[in-house]
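Q: If you read the protein sequences in the order shown, they are chains A and B.
First residue of the first sequence? That's 1 in our numbering, and the numbers climb one at a time after it.
First residue of the second sequence? That's 1 in our numbering, and the numbers climb one at a time after it.
Hints are supplied without guarantee of correctness; some may be wrong.
Stated by the list, open to error - Derived CB-CB ranges, DEER-like:
no. : chain 1 : residue 1 : chain 2 : residue 2 : range
1   : B       : A114      : A       : R244      : 46 to 54 Å
2   : A       : L20       : B       : V97       : 49 to 57 Å
3   : A       : E138      : B       : A114      : 28 to 36 Å
Said to hold, decoys possible - Partial pick of chain B residues on the chain A-facing surface, computed with a CB cut under 7 Å:
no. : residue
4   : P180
5   : S181
6   : A184
7   : A185
8   : S188
9   : L189
10  : L191
11  : G192
12  : A195
13  : L197
14  : P203
15  : Q204
Claimed, not checked - Covered by chain B, per the in silico footprint, the following chain A stretches (three or more residues, Cβ under 8 Å):
no. : stretch
16  : 88-97
17  : 171-183
Simulated from the structure, these hints should not be mistaken for lab results.
Every residue, glycine too, gets a C-beta built ideally from N, C-alpha and C.
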Amino acid sequence: MSEEIRALVLEGIRKSFGRLDVLRGIDLELAEHEVVCLIGASGSGKSTLLRCVNLLEPIDAGRIVLRGDEITTPGVDVNAVRRGIGIVFQSFNLFPHMSVLENVTLGPRKALGLSRAKAEARATDLLERFGLADKRDEYPDRLSGGQQQRVAIVRALAMQPGLLLLDEVTSALDPELVAEVLEVIRELAAEGMTMLIATHEMSFARDVAHRVCFLDEGVILEQGPPEQIFGSPQEPRTQQFLQRIVQAGRL
Amino acid sequence: MRQTSGSALTGSRGSRIIGSASPGGSRAIAVATISTLVVVGLLATAVVNSPGWDDVKQAFFDPEVFSESFPDIADAFLLNVRIFLVAEVFILVFALVIALMRGLQGPVFFPFRALATIYSDFFRGIPTILLVYILGFGVTTLQLPGVPISPLFWGTVSLILVYSAYVSEVYRAGIDSVHPSQEAAARSLGLGRFAALRYVVLPQAVRRVIPPLLNDFIGLQKDTALVALLGVVEAFRQSQIDSAGSFNYTPYICTAILFLAITVPLTRFTDWLIARDRRRQLAGGMR
Numbered sequence: 001m002s003e004e005i006r007a008l009v010l011e012g013i014r015k016s017f018g019r020l021d022v023l024r025g026i027d028l029e030l031a032e033h034e035v036v037c038l039i040g041a042s043g044s045g046k047s048t049l050l051r052c053v054n055l056l057e058p059i060d061a062g063r064i065v066l067r068g069d070e071i072t073t074p075g076v077d078v079n080a081v082r083r084g085i086g087i088v089f090q091s092f093n094l095f096p097h098m099s100v101l102e103n104v105t106l107g108p109r110k111a112l113g114l115s116r117a118k119a120e121a122r123a124t125d126l127l128e129r130f131g132l133a134d135k136r137d138e139y140p141d142r143l144s145g146g147q148q149q150r151v152a153i154v155r156a157l158a159m160q161p162g163l164l165l166l167d168e169v170t171s172a173l174d175p176e177l178v179a180e181v182l183e184v185i186r187e188l189a190a191e192g193m194t195m196l197i198a199t200h201e202m203s204f205a206r207d208v209a210h211r212v213c214f215l216d217e218g219v220i221l222e223q224g225p226p227e228q229i230f231g232s233p234q235e236p237r238t239q240q241f242l243q244r245i246v247q248a249g250r251l
Numbered sequence: 001m002r003q004t005s006g007s008a009l010t011g012s013r014g015s016r017i018i019g020s021a022s023p024g025g026s027r028a029i030a031v032a033t034i035s036t037l038v039v040v041g042l043l044a045t046a047v048v049n050s051p052g053w054d055d056v057k058q059a060f061f062d063p064e065v066f067s068e069s070f071p072d073i074a075d076a077f078l079l080n081v082r083i084f085l086v087a088e089v090f091i092l093v094f095a096l097v098i099a100l101m102r103g104l105q106g107p108v109f110f111p112f113r114a115l116a117t118i119y120s121d122f123f124r125g126i127p128t129i130l131l132v133y134i135l136g137f138g139v140t141t142l143q144l145p146g147v148p149i150s151p152l153f154w155g156t157v158s159l160i161l162v163y164s165a166y167v168s169e170v171y172r173a174g175i176d177s178v179h180p181s182q183e184a185a186a187r188s189l190g191l192g193r194f195a196a197l198r199y200v201v202l203p204q205a206v207r208r209v210i211p212p213l214l215n216d217f218i219g220l221q222k223d224t225a226l227v228a229l230l231g232v233v234e235a236f237r238q239s240q241i242d243s244a245g246s247f248n249y250t251p252y253i254c255t256a257i258l259f260l261a262i263t264v265p266l267t268r269f270t271d272w273l274i275a276r277d278r279r280r281q282l283a284g285g286m287r
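Okay, chain B solo, but in the shape it has when bound (with noise of 0.2 Å):
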């Protein structure tokens, strides 16, 4: 499993770079393969031959708790895909206003500037444990009329507003890197400037972005553990409910593995994206 995985890599990577008719192609993949072999044998004899594999294993790799609390813990992860899922389509929509409010020119808009650095200074700043503590607990307590009181929510504003911090600064920096003739060209054509950000800028910023914004999104997916602090049954808070029913620590990997599940095929998705872009605008290019 290791070794296919090992040698599909190094293939996949040499056929996007050297191409798959470069010369001495197998033999690369012969090396690659042993050389995975070797460090993946060292270290799994490593491990278990150190003095306390034997309890390390009946606590966190007992197959029986595994597939006893495997389903609740998959149905509870569910609930991770959602909050991920929903923060993310606020996430990308409120970042770019925020970037965008930061790229205002001019001096009339000088307030709407120090909002969004304002904002993207404090949700930066502020330790996200903190801010799910804040508003999940904070919030609702002032029983305001109107204002939802679900931990649920107030644990996805949280993870809302601090991406957002995040994202806008990918956005921005994107948005910087697209060279000012290309917005010229686009005005020289009678674009207006809304326009002209908007078919020339953005989709070039994107584009660039792509890595940067998927880093943040597996982060995102991640924290959404975070919502289990407010006493949202999400993946891990049932993984510690199996955990403590069973005194084992096994829950906890099969947590791991469904979010592993999810955010490495997200990366590898990510990776054949941008291959596919780059060879769509480069193919050819090389005559």
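Isolated chain A, as found in the complex (with noise of 0.2 Å):
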């Protein structure tokens, strides 16, 4: 925690909706390469959270900064910060009117200003890698939700974001179809992306985070290594959370 500038800090983050306080004064670090996960019951404010880092929902109180720079003073490029972190959404919000090719070249061309022919380079690239070329030029409509959802992280790779957010990325998937997101997720963890991810797949936070957070009612309220989080969690509502977890037999 030294003069190493951070990829992402945020700092006492407050945020409500009307008179629902959904996040209540929330301190988070992550070092470069890091892998956070943050866990929770649903409306703990993970999504929120996941939202305000990349200025979709603007704070009410609070700082963040990314690599060095504050993105939450007022004036600040909202574009120029979003070009710099992707996100991922549990609903996939692939657009529909667009093939894949042109869903995944439309930021780098329209918001890094990458010709044609480059941004269609690099996203053939990334969905060969992927294992999705031959569905370059295939409507979403026509994908399962896996494919779908892996479209959807590289439509974010294409970006080439120093951040990346992933928002229950999985929730919205068939059982059968998650093993194949998940994959993705853990190759890219293992090339050293800085990721922070909200997540219900308790062995896949095990497996994957460097730490855990757990939210509860707007703060976190733990967080550590995976294994002290799930192994031996302090806090009564951590373990009362996991307890539930383990008795619907998800970890």
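Two chains, two separate frames, one set of hints: put the complex together.
A: Structural data, given as structure tokens:
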């Protein structure tokens, strides 16, 4: 925690929707190449936190510092910030009127200003790497959920982001399609991609995360290495949460 | 003629919805054909046996008058088509500007939103025929230097103003129907608000509103006849002239046929476009 610049620093993030306090003072730091998983019940604020980091939701209080630059100051170029942060959504949010290739090249072409040829070369490489080369001319509605989500990940990667946010990316998938998506994320983690992952897949979190944070009612109640959080959680709420997960057969 | 168009209709619809290889397809076509023949036959019998049919036939369906007036009216009808085409281009652009103005967010843009709202309220609220009169006779009488005095010009402007108000509402409904997560996804890639609108929201919005847009254009195509009120000789005016010359109403039927010749294929074409689009996005998606 010394002079080294952190990939992401969150300080005292607060966010409420009307009278509902969703985030009540979140402090979190991510080192470069670190993979942090956010776990917690639905409504604990995981998704909102990710949307705040990507500036899709304005925060009410606190600071977000991305690689040494504060991105929550007024007048910051939000588009420039977002170009450096990839986000993948639970519901894929692919553009249904565009082919896979067009989905993946839209950002590089229109936000990064790459030529069509360059953007397509980059997209084709990524699609090949993730086994989607034969789908490049398909429309999203013709793909399985797992394929759609992999395309969404590729779309985010095509921007070559320094940080990737994954918002419960397997929650909308049929169980048998979850593995192919998690495999992609494992690969990215192995390559050193800095990632902040909100997930309900506990065994995946245990495998892939360097650190796990348990969110409860808008605060990080407990955090630490996965062995600690899943092996000997300290907080009663964490114990209770994991107990329920085990009972549901998901760990 | 009626019979073939009836079976063609069910045939094409059948292939679109249940697939051409569906069992019982030929039986469905047979049933549809027979039922169409019966209904059309009954209607035709009722009309032909009505007490005044002979008078109507003479006044509205005189083949001689028809062939005499058709070239004139067809010629004049080209003006309707020209008015329609020119107005349509302006409406598509102008209505989009109004719809986008209405969709601007933030307190700074309040005047724009208010202006766009007032515009669409006003021009949807006023009868088109009144606007044609007011602009066509009023503005031209002002004799302002540099302002055109052509009734054709002001008639077309009236149509553009009224239909832009309707079409802007159609656009707005289309834009609202695109889920906010689509814009969020575009913005998350670093696209600006305008780029997200242009590449992600609008293409989806416009595709969804093609049928109601076409409805408005069919209305516009018909309303080009209102320009006749300013003395412009388009198809309706020409048929009035022909009718007055021959003491016969057949020229009006002639005009009606010309209008239908444009609007019906337009409708079929749009249906086809929509079906093609849906097939392209969904084909194979039922796996």
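Q: Each hint should be assessed against the structure and marked as holding or not.
A: Do the hints match the structure? See the list:
1. At roughly 52 Å, the beta-carbon separation of B/A114 and A/R244 lies within the given 46 to 54 Å, and the hint holds.
2. At roughly 38 Å, the beta carbons of A/L20 and B/V97 sit outside the given window of 49 to 57 Å.
3. Checked against the given bound of 28 to 36 Å, the beta carbons of A/E138 and B/A114, roughly 45 Å apart, lie outside it.
4. This hint is violated: B/P180 has a C-beta 10 Å from the nearest C-beta of chain A, more than the 7 Å allowed.
5. For B/S181, the interface hint holds, since its Cβ comes within 7 Å of a Cβ in chain A; the closest pair sits about 5 Å apart.
6. The beta carbon of B/A184 comes within 6 Å of a beta carbon in chain A, closer than 7 Å, and the hint placing it at the interface holds.
7. For B/A185, the interface hint holds, the least distance from its beta-carbon to any beta-carbon of chain A being 4 Å, beneath 7 Å.
8. With a least beta-carbon distance of about 5 Å to chain A, the hint placing B/S188 at the interface is held under the 7 Å criterion.
9. With 7 Å as the threshold, the beta carbon of B/L189 comes within range of chain A, its nearest partner Cβ sitting at about 3 Å, so the hint holds.
10. Taking 7 Å as the C-beta contact cut-off toward chain A, the hint placing B/L191 at the interface holds, the least distance being around 5 Å.
11. About 5 Å separates the beta-carbon of B/G192 from the nearest beta-carbon of chain A, less than 7 Å, and the hint is met.
12. For B/A195, the shortest C-beta to C-beta distance to chain A is roughly 5 Å, which falls under 7 Å, so the interface hint holds.
13. The interface hint given for B/L197 is broken, as the beta carbon of that residue sits about 12 Å from the closest beta carbon of chain A, more than 7 Å.
14. Taking 7 Å as the C-beta contact cut-off toward chain A, the hint placing B/P203 at the interface holds, the least distance being around 5 Å.
15. Because the beta carbon of B/Q204 sits about 5 Å from the nearest beta carbon in chain A, less than 7 Å, this interface hint is met.
16. Interface restraint, the stretch 88-97 of chain A with chain B: holds (7 residues with C-beta to C-beta distance below 8 Å; minimum three).
17. Residues of the stretch 171-183 of chain A lying with their CB closer than 8 Å to a CB of chain B number 0, which falls below the three-residue condition for coverage.
The structure is inconsistent with the numbered hints 2, 3, 4, 13, 17, although it conforms to all the rest.
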